[in-house]
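There are 4 protein chains.
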Amino acid sequence: MIKVGIIGATGYAGAEIVRLLMGHKDAEIVWYGSRSFIDKKYSDVYRNMFEIVEDKCLDDNMEELASKVDVIFTATPQGLCASLVNEDILKKVKIIDLSADFRLKDVSVYEEWYKIEHKAPQFIDEAVYGLCEINRDKIKDARIVANPGCYTTCSILTAYPLVKEGLIDPNTLIVDALSGVSGAGRGAKIANLYCEVNESAKPYGVANHRHTPEIEEQLGYAAGEEIRINFTPHLAPMNRGILATEYATLVKKDGKLPTAAEVRAAYDKYYKNEKFVRVLPDGEYPETRWVETSNYVDIGFKIDERTGRIIMMGALDNLVKGAAGQAVQNMNILFGLKESEGLEIVPCFP
Amino acid sequence: MIKVGIIGATGYAGAEIVRLLMGHKDAEIVWYGSRSFIDKKYSDVYRNMFEIVEDKCLDDNMEELASKVDVIFTATPQGLCASLVNEDILKKVKIIDLSADFRLKDVSVYEEWYKIEHKAPQFIDEAVYGLCEINRDKIKDARIVANPGCYTTCSILTAYPLVKEGLIDPNTLIVDALSGVSGAGRGAKIANLYCEVNESAKPYGVANHRHTPEIEEQLGYAAGEEIRINFTPHLAPMNRGILATEYATLVKKDGKLPTAAEVRAAYDKYYKNEKFVRVLPDGEYPETRWVETSNYVDIGFKIDERTGRIIMMGALDNLVKGAAGQAVQNMNILFGLKESEGLEIVPCFP
Amino acid sequence: MIKVGIIGATGYAGAEIVRLLMGHKDAEIVWYGSRSFIDKKYSDVYRNMFEIVEDKCLDDNMEELASKVDVIFTATPQGLCASLVNEDILKKVKIIDLSADFRLKDVSVYEEWYKIEHKAPQFIDEAVYGLCEINRDKIKDARIVANPGCYTTCSILTAYPLVKEGLIDPNTLIVDALSGVSGAGRGAKIANLYCEVNESAKPYGVANHRHTPEIEEQLGYAAGEEIRINFTPHLAPMNRGILATEYATLVKKDGKLPTAAEVRAAYDKYYKNEKFVRVLPDGEYPETRWVETSNYVDIGFKIDERTGRIIMMGALDNLVKGAAGQAVQNMNILFGLKESEGLEIVPCFP
Amino acid sequence: MIKVGIIGATGYAGAEIVRLLMGHKDAEIVWYGSRSFIDKKYSDVYRNMFEIVEDKCLDDNMEELASKVDVIFTATPQGLCASLVNEDILKKVKIIDLSADFRLKDVSVYEEWYKIEHKAPQFIDEAVYGLCEINRDKIKDARIVANPGCYTTCSILTAYPLVKEGLIDPNTLIVDALSGVSGAGRGAKIANLYCEVNESAKPYGVANHRHTPEIEEQLGYAAGEEIRINFTPHLAPMNRGILATEYATLVKKDGKLPTAAEVRAAYDKYYKNEKFVRVLPDGEYPETRWVETSNYVDIGFKIDERTGRIIMMGALDNLVKGAAGQAVQNMNILFGLKESEGLEIVPCFP
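Chains as they are written, first to last, in our numbering: chain A, 22 to 371; chain B, 22 to 371; chain C, 22 to 371; chain D, 22 to 371.
Isolated chain A (complex conformation):
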């Protein structure tokens, strides 16, 4: 039985790790870290856990934690994980960091987009970007897994095969995405009050959202070159879900656009055996309702011959495949468990 500690167990992502691990047969949570609620029963913070979780919340002491658990999930604001981790800790325990601290390989890019100093740059190199379907082999032996962002998981998986196979020009890529409100976290902010968000949609972080360089770096690896894209997130009035609609110019071969069959073949090449990636039939597009509460990513596409562009669309649950689910998937890979253990959840509808 793998012993799990969570730092930041009372945020939405942390709470989703708890939900998922309650159904995981090889892992048990032994540390519910939450600086805001130390000594409070976890189920007093999340009443859904009443009579399910009996533990109290504990402090965020990573040193102590490292000696008690096999893996630590950090579901905390940017900067915290980097400020706590050290070589001693990494000798004892695996870390799956849900923040952005170890996602970007270039520390100057991190510091420019996040506006904070990186406190543990010495570990950036060894950290593995935990996009399971792409980096599975490297994740196995990592000490630090940088769990990808919600928008990025969706954006990258949706475009990856076409970038990798050279079917689209990656520098024409435009990612227009929307998210449910749980992505904004559980902080008490006026902007996230029910009446402010309900019955409205809005763009935010236009041309400067922090997931931009993450998408660029990862798709850049696929393209074999540095790329620049546009990414615009929007907030939509729903609890969960990321929907990414992506545009790119198709690369012609012998003066002809790729066919739908060729595009599908590219997707199949990478995802045919991936349990959690579902490429929809032609003419079907993803909807967030069909993946809710589950670890699936649904993908669809449409070629527009009039403009020579392809529209690629992906949907996932931001708290599952976009955060806690992928984190558990990474844990399963790290410990040699069945990769889908604890994640075989049928999407709940309606």
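Don't read these hints as lab results, they were simulated from the structure.
Careful, some of the hints might be misleading.
Same chains, same label: a pair holds when it works inside one copy or across any pair of copies.
List time: in silico DSSO-like cross-link candidates among lysine-lysine, alpha-carbon distance up to 30 Å [as the list claims (entries may be wrong)]:
#1 Lys-140 / Lys-296
#2 Lys-323 / Lys-290
#3 Lys-323 / Lys-136
#4 Lys-61 / Lys-296
#5 Lys-323 / Lys-46
#6 Lys-273 / Lys-112
#7 Lys-62 / Lys-290
#8 Lys-24 / Lys-46
#9 Lys-359 / Lys-136
#10 Lys-210 / Lys-113
#11 Lys-136 / Lys-61
#12 Lys-293 / Lys-89
#13 Lys-136 / Lys-115
#14 Lys-46 / Lys-359
#15 Lys-277 / Lys-293
Note that this is a predicted model, so its numbers are computed, not measured.
Following the hints, position chains B, C and D against chain A.
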């Protein structure tokens, strides 16, 4: 492995049975009945089931079905189950009927409230009202289980111990309840369009909703007398959830109202060992978000000494404990399985 | 042109006064008081007012304000209005207080339910309870109008004629009500975050909500005696709207229940000429969507002969008739304007 | 007083015309056409109109109607207006058509995208595209005004000045938009049920939505050449609102990108004096909540120097500026009334 057939597999309740049984290790669905979608792939109707369910929808042939399965769930409009069932079928197969056909013992009450003739009154007597926590022992040997309504499960379980123990006057009982929209089913009606329901709340079926006699009959058994109550359902803009707020006059003993401790003791007497009934701490009241997607019923109460009344409150997920979850729980009882098999779902929040 | 000052202009109720007065031809706002946003442009706080309101927010100085305006609306937390008002101010200006400070005639009841000391009890007697349809004549000459609460306006107007005419026993009255989330105000609290409220319904303030004594006092006047009722508010996931479902035992005459026609006659007696009270046809019940953004109260009722009770139902928009709209209606009465000026808004649907 | 007839008065757009005209001092509705509800009271279909509209619904007889009114609004499915209109009618009455029948100048484009034969191509030439801010002068003398679509009004107004001034390359334009559900109309379809739409977002009509050629035609006039764009609509779980996020490559001058000031100057050139177009301050982006129930279009933009693209964003209320409001604005222009009469509605929030 228990073989399951579902008649009405493409309504919301039927689809929820499918979702739950996907996670049940001792049952497999071999018949997805849906007259509206015969020969269509089930996952073309419910895209969340893509790459999970590969079966096509079949007709509603109960005779044929009876020879192929161990248990039939009928998640269909009132009248259908009664019109199909017969002695031959019942010799071969257990029936768990999610409609109202076998819930009321008095056929004239059924015909008065439902405005249809009952086609199989000969089976009413033997049918067992499938409120698991109350009728567990009778359910075990039943051939027909009448799965309770969503409002009724919530309303009865919330008041049952106090009625049974004589702490409240059952004829003063007023049940004011609200439901999410999935309770209205998947029919294409203007009244259930998004824009008609969203941002609004309304009462309906005032003083004539069909769940009224069901509550009266069951609580009447607990009271040991016929009772008359008021029940008012409301529609609230959310997908799932029943919240029942119930008022009754407390019965004084020696001129004194029962104490909160006495009320709690009554709840404990019946629910202390019930996994799916959670009586909340004093001062805490149920909220539908804390039970969503799960089989739990949460209950709270408050004594108002100023008026001598008690306010009892219950919450459940109408599609789970209020329909499909309880149906699966009944199946588990019928077949001697662990009662919570397939139902150990942690409520999903947010 | 009546000069208006608002203290608390950046809360939801204050902002609704602004919205309504933008369409009022005899009033202009000259003071947008908001301690939290002093010197900030009002339209930077509420972007809907961009290019409509050019003013900046000012402090809450009631003395200074009194010399500049004809009427002050206080849309502030309990206690503030009472702490600011004095005889000098009242000699210069009318006050319409949207808080509870002057609603209850018995200061000890106020202090018991609100848990604060009343700072200006000397003005309680002269303050007029601003329920326009009932107290119109007294409001005309008032210096302080105590604008009723949202739940109370709905609860009282729905039951008033039947209490007044002796058709129901007022001590059997149970008010079960629900509110949209804007009633909780614009404070940054976790409990009111989108994801906490969305897809959920909950009771709160059970048996101790502060609107209880307000309903009791006003309906007590109608009954000609002190009464005790039950009132349970609920939160529903929508921006606006109050729906009150009220139960009471009908008073028999000569052993017979009142008829629907008699009940309707009672409603007609008080509301036939009331523009903002709409008593719906038999068999029709109010829904919050039909009054949204408007000053209407819709009322319906149903007699249940089985139990001898009547179910009365009322719906209004909590920010309009439940707060700002009624406040403007009171202003119109105070200044001898057409009572519906600025309020002839057709409910906006969907 | 202008006499108004509405054909299709019981759809959402028709009902919004009714709401707006109730507050219009120079127009009165004398014909509520609704084939589905002939002889039914209008307020029985829309209960918000109870005690406000006393008329019954009438048939869709355009000939008879033409002799009774000054202007006819057709808020009906594509094809109906074209099938009814003729020279006799046009000699008597102005027509403002909210369908697509007269929006596209090239009848073959209409027939290709709408898959129906055009029944009155002889009137296409004289019909004026009723985008008020752009075509005001031509609208004045029109007999048929083709009221623009909701997505198109938003998409065109957001990009128009930059296309017209040559600041962007129009063939790089990508419009990614989302709409509230009222845009889907009031038909009883499963896809628009509350539970199907709530808590989900989806793309639809990808690369083949009918508003595409309408945007291309109008922006093509501005560009002075035929253009091809991508347009992807999405459905979001809210009643009202269109949000368009538009991407285009900026045209360099002397090797330099236009500055934000130059872009703003272009917007100001066309919209400085437009009451209903609000260009937001730098760094502010439109949100649908700020325009709800009103006739405003809010616009914001952001230059991304990294990619050389500009992101332009627009928001409006699909039923007001996107349909009924613009129709009333067109009526005001046609009859020489104050253009904002009946439309000076402050956006209602929350």
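Consistency of the hints with the structure:
Taking the closest pair of Cα atoms, Lys-140 and Lys-296 never come within 30 Å of each other, the shortest separation being 37 Å inside a single copy and 47 Å across copies. Only within a single protomer do Lys-323 and Lys-290 lie at most 30 Å apart by alpha-carbon distance; the minimum there is 18 Å, versus 38 Å between protomers. Taking CA atoms no more than 30 Å apart as the test, Lys-323 paired with Lys-136 passes between copies only; the shortest distance there is 20 Å, against 38 Å inside one copy. Taking the closest pair of Cα atoms, Lys-61 and Lys-296 come within 30 Å of each other only across two copies (23 Å); inside a single copy the shortest separation is 38 Å, beyond that limit.
In this assembly of identical chains, the alpha carbons of Lys-323 and Lys-46 never lie at most 30 Å apart, being 40 Å within a copy and 39 Å across copies at closest. Proximity of Lys-273 to Lys-112 under the C-alpha cut-off of 30 Å is found in neither arrangement, the shortest distances being 50 Å within a copy and 54 Å between copies. Taking the shortest alpha-carbon separations for Lys-62 and Lys-290, only the inter-copy value of 25 Å comes in at or below 30 Å, while the best intra-copy value is 47 Å. Taking the closest pair of Cα atoms, Lys-24 and Lys-46 come within 30 Å of each other both inside a single copy (12 Å) and across two copies (26 Å).
Proximity of Lys-359 and Lys-136 under a CA criterion of 30 Å is satisfied in neither setting, with 38 Å inside one chain copy and 51 Å between copies. For a Cα distance limit of 30 Å, the shortest separation of Lys-210 from Lys-113 qualifies neither inside one copy, at 38 Å, nor across copies, at 39 Å. Taking the shortest alpha-carbon separations for Lys-136 and Lys-61, only the inter-copy value of 27 Å comes in at or below 30 Å, while the best intra-copy value is 33 Å. Taking the shortest alpha-carbon separations for Lys-293 and Lys-89, neither the intra-copy value of 39 Å nor the inter-copy value of 34 Å comes in at or below 30 Å.
Taking the shortest Cα distances, Lys-136 and Lys-115 sit within 30 Å of each other inside one copy (27 Å), while across copies they are farther apart (52 Å). With identical chains, the CA atoms of Lys-46 and Lys-359 are at most 30 Å apart both within one copy (11 Å) and between copies (17 Å). In the homo-oligomer, the alpha carbons of Lys-277 and Lys-293 lie at most 30 Å apart inside one protomer (26 Å), although the nearest pairing across protomers, at 46 Å, exceeds that limit.
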